[in-house]
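Trainee: Position in the sequence shown (from 1) plus 130 gives the number in my numbering.
Keep in mind that the hints were calculated from the coordinates and are not lab data. Hints may contain errors.
Derived pair list, reagent style SDA-like, types lysine to any residue, alpha-carbon separation capped at 25 Å [claimed, not checked]:
id : residue 1 : residue 2
1  : Lys164    : Thr306
2  : Lys164    : Ile207
3  : Lys184    : Thr324
4  : Lys184    : Leu227
5  : Lys184    : Asn331
6  : Lys184    : Gly276
7  : Lys164    : Thr324
8  : Lys164    : Tyr185
9  : Lys184    : Gly155
10 : Lys164    : Thr142
11 : Lys164    : Ala250
12 : Lys164    : Leu190
13 : Lys184    : Tyr247
14 : Lys164    : Thr321
15 : Lys184    : Ala273
16 : Lys184    : Thr321
17 : Lys184    : Asp309
18 : Lys164    : Pro180
19 : Lys164    : Asp329
20 : Lys184    : Asn162
21 : Lys164    : Gln198
22 : Lys184    : Asn302
Have a look at the derived ranges for each label pair, beta carbon to beta carbon [what the hints assert, rightly or not]:
id : residue 1 : residue 2 : range
23 : Ser154    : Thr335    : 27 to 33 Å
24 : Thr285    : Met177    : 23 to 29 Å
25 : Ser325    : Ala296    : 35 to 41 Å
26 : Asp274    : Asn143    : 18 to 24 Å
27 : Gly183    : Asn160    : 37 to 43 Å
28 : Asn284    : Thr306    : 19 to 25 Å
29 : Thr245    : Asp336    : 32 to 38 Å
30 : Asp336    : Thr301    : 25 to 31 Å
31 : Lys184    : Thr335    : 18 to 24 Å
32 : Gly252    : Lys184    : 22 to 28 Å
33 : Gly155    : Lys184    : 30 to 36 Å
Every residue gets a Cβ at the ideal spot worked out from N, C-alpha and C, and that includes glycine.
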Amino acid sequence: MAVTQTTDTPSTNFCTFNTLNKGSGATFQNGNTKVSLDNNCLAQAGMPIPTSGKYYFECLCVSGFNNQVQMIGVMPITSSSGVIDHDHVQAGSTPQLGVFFVTHDGNKVIDNTETSYGSAIGGISFGSGANSPNRTVQVAIDADNGTIWFGDNNTWFNSATAGEIAAGTTTNSAETGRDYSVAHFPTVACTSTTSPVFDFNFGATDFAYTP
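Whole structure, please, built from the sequences with the hints as guidance.
Mentor: Right, dumping it as structure tokens:
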């Protein structure tokens, strides 16, 4: 059988999800890069976005996606204990802090405020049943400008382009001006009971699309 192998070294170390910093309903597979979430739950990766430079990661939406709130983005640790828990995503609500893309309607959530931004992944209007979209959500971050963009299968939302992102043009971003000197971690969250499965790639294997 085929085996996927990645190599970590002291100077080249790839991000994975943190087993100590997740809701009790989060489970991990594939070396802690594949995440399944229970109802009203979130999980964070173990490495924060660096304070300067440009960064990119992808998330394949595998299964369990419906018309409830399922989100991909970045978020600081907000609890006094330094560990997140179910209290950070209550039924029907959104994370208290951070920037997220909502898969079922394309909205963005910035520090618990949801507004229009893009479109549902794959342009699908999700019904009440579980769906398997197999769409790749892209996340690009320019930490120098505090800017973040989201895309779906190589189409960037809000009419942004790869050239704009590479140049640091902030006009069509989801948000700009965020302070990444405050550690923000790649994060997934959901308020549904369908146990969505997210498969992340932080660069340990080839990306689906060119960063």
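Trainee: All the hints need checking, so say for each whether the structure fits it.
Mentor: Right, here's what the structure says about each hint:
no., hint, result
1, Lys164 - Thr306, "28 Å, violated"
2, Lys164 - Ile207, "20 Å, holds"
3, Lys184 - Thr324, "34 Å, violated"
4, Lys184 - Leu227, "21 Å, holds"
5, Lys184 - Asn331, "16 Å, holds"
6, Lys184 - Gly276, "10 Å, holds"
7, Lys164 - Thr324, "16 Å, holds"
8, Lys164 - Tyr185, "20 Å, holds"
9, Lys184 - Gly155, "32 Å, violated"
10, Lys164 - Thr142, "20 Å, holds"
11, Lys164 - Ala250, "21 Å, holds"
12, Lys164 - Leu190, "9 Å, holds"
13, Lys184 - Tyr247, "22 Å, holds"
14, Lys164 - Thr321, "18 Å, holds"
15, Lys184 - Ala273, "6 Å, holds"
16, Lys184 - Thr321, "30 Å, violated"
17, Lys184 - Asp309, "14 Å, holds"
18, Lys164 - Pro180, "22 Å, holds"
19, Lys164 - Asp329, "4 Å, holds"
20, Lys184 - Asn162, "23 Å, holds"
21, Lys164 - Gln198, "20 Å, holds"
22, Lys184 - Asn302, "16 Å, holds"
23, Ser154 - Thr335: 27 to 33 Å, "29 Å, holds"
24, Thr285 - Met177: 23 to 29 Å, "27 Å, holds"
25, Ser325 - Ala296: 35 to 41 Å, "36 Å, holds"
26, Asp274 - Asn143: 18 to 24 Å, "22 Å, holds"
27, Gly183 - Asn160: 37 to 43 Å, "26 Å, violated"
28, Asn284 - Thr306: 19 to 25 Å, "22 Å, holds"
29, Thr245 - Asp336: 32 to 38 Å, "34 Å, holds"
30, Asp336 - Thr301: 25 to 31 Å, "30 Å, holds"
31, Lys184 - Thr335: 18 to 24 Å, "20 Å, holds"
32, Gly252 - Lys184: 22 to 28 Å, "26 Å, holds"
33, Gly155 - Lys184: 30 to 36 Å, "33 Å, holds"
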